[in-house]
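K.L.:
Just so we're aligned, residue 0 is where the sequence shown starts under numbering that gives the first Met the number 0, counting upward by one.
Just so you know, the hints here were simulated from the structure itself, not pulled from any lab data.
A hint or two may mislead.
What the hints assert, rightly or not - Within a straight-line C-alpha distance of at most 35 angstroms, the following computed DSBU-like cross-link-like pairs (lysine-lysine) qualify:
#	residue 1	residue 2
1	Lys648	Lys631
2	Lys495	Lys654
3	Lys217	Lys631
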Amino acid sequence: MAATIPGQMFSIPENDGHIMSSWERFLSGDEAASDALRRLIDDSWWRCQVASVDPGRYQAPPPIGENSLHTLRDECGELLSASAPVMASARDFLSETGTVMVLTDQSGTILNLEGDMSTRGAAENVHLLSGANWSELACGTNAIGTALEVGQPVQIHSAEHYCAGIKRWSCSATVIRDPYDGSILGVVDVSGLSASYSRHSLALVVATAGRIENRLAKIELGIRYRLLEGCVDRLSGTSADGIIVFDRRGRAIKANGRASAALADLGIGELAVAPDGLASLSLSWKKGRRAPDERPEWMREEWLEPVIQNGEHIGAVLTLPGRRNAASGRVSNAVFSCDAAEKGAFERVVGESPALLQAVGRAQQLAKSRVPVLLLGETGVGKDVFARCIHESGATRDAPFVALNCGGFSRELLTSELFGYTEGSFTGARRGGMIGKIEAADGGTLFLDEIGEMPIDLQPHFLRVLEEGEVYRLGENKPRKVNFRLIAATNRDLRKEIQAGRFRMDLFYRVAVTSINIPSLRERAADIPLLGDYYLRRLSLQHGLEPRVLSPGAIELLRQYGWPGNIREFRNVMESMLLTARGHVLTEADLPADLVTTLAGDSPAALDVQGDERDLTCLENAERDAILRAIKGCRGNMTAVARELGIAKSTVYVKLKRFGLESYVDDLRNYRV
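The whole structure should be built from the sequences, with the hints applied where relevant.
P.N.:
Right, here's the structure in full:
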């Protein structure tokens, strides 16, 4: 009688003697001997017999040499990298279970092995070692080799093995597949002497393979987004050339709107490429090669350019010359630049520094596409202005522009603001419900400022909107289709936020298809005279005052200041000087007191706050210093301090009292204008 696993093609025999008898009769030529076996074992034994596998083998063939194993591991580097943390956990999980976990390549050669050290001796006896091959051709019926043959999870118990020397073992294995094309990359297996067999081993290997495949998918997704980010300039450029982007495996994954026409000009209409779709075109690269093994006759070698990042080949760009460039076959690369006369919607971005013009030029190029953009920069640099300019420079300029600051709401309020809700979905819900910002942006642009502060548990719901193009209102089961262009902004390093577990990697790669770094004001201090003139004219008109100008001395001091609040702080300083000065020319005497004292080095933010007489431990002193730095950096804004430290505002006030910093905060606030 055999115990069957429901829904599976394998079972666990309870009578090894019966199977041994069938095996002996099978080897003697009795074709009916295997009829009593489950189909998986019957088929495998016949394959082994046809391949002349020696049933008397007592171990796998000897492992390959160290140099060959090193080369093989290098070729399987991504599989090993994805499986490393999983295999490491197996070392502790399988401790004292009498079993080992094995990782192989697609041919059945063992790459790595972890588990119970007490089983290593028995494993070595059968060559269950790194570098040994455990395909069916090498070792007969076994979980590794048979899983590779059938491409499914298998469990081989004791006498079911084909070779005599392995019949003391029981093993469970399943294949690891490439998440993108389904090809088999390797096998994960759990093996042990039959006495240590556990019926849960099969579930363990299936779950382990799933974890490895998920990690492989993340690796591939990360590489693809790096590739697209590096090629977005070419895809969204104004050149007449057709552009097709290939991934590192030679699969076409993105094309611009002119690729179809360029292919048609070459007489290859059947390979037409949709602007937002994939091409029915593929190339083949060998690892380490920067050119394909073969290419179609119509594709000239100089049209294909590999994309290399940090020495790694991550894809290629095919440039199909448009009618202007077809004769020469020359590739035209987009160069980001912007002259003041060409700013268009970006006219409100004041400045002529190279760093700013580079950012504006990049933004102008990206405005022509609907690719998601991530704006990076310190607080107050004008990310909201850039977002609106990108929207107004795009094809959907007449459609809605909807902005939302993710850091300005509680989790519950942010959820309803983003997704909207139906009537009665929660206590206090507005009669008739409310449309969310995502829906409101349909057809236009959704600008999410401070996206790094979106709660981690809300992020997968927003990610689903981006991936599926539909949104569910709170309290509603029917999705609503949405189509919007996303612009996000943050002053945080989202890669560090990912490492800290506060931001999802998959969401990062969705919102950061390409990014724009907006320079801080101190990085473009040469623009201060232009900015001063711009704001004084604008604010004078707003307040009904005569226009004012800055003196050379005032400009020099303004250039020397660090501007932690950037453009926002600069505007406030200009307004303060305009409203308090008496003369037509604003001089050094009209500068705010805290700015002057900061430059002089004796402002409260620059003073060292001496500790009081309290008896503090080393840990408390470190905590006090951290709070003090946050207070200085946030210039006494307790809400900002609490956010910076990641603690409640009430806790901040408790700490101020504990560490004697209350009077310091009062002094700092008194210096504000």
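K.L.:
Determine for every hint whether it applies to the structure shown.
P.N.:
Evaluation of the provided hints:
1. Our distance criterion of 35 angstroms between C-alpha atoms is met by Lys648 and Lys631, whose separation comes to about 16 angstroms.
2. This hinted pair checks out: Lys495 and Lys654 have alpha carbons roughly 27 angstroms apart, not beyond 35 angstroms.
3. Of the pairs offered as hints, the one joining Lys217 and Lys631 is violated, with about 40 angstroms between alpha carbons and a cut-off of 35 angstroms exceeded.
Checked against the numbered hints given earlier, the structure breaks only hint 3 and satisfies all the rest.
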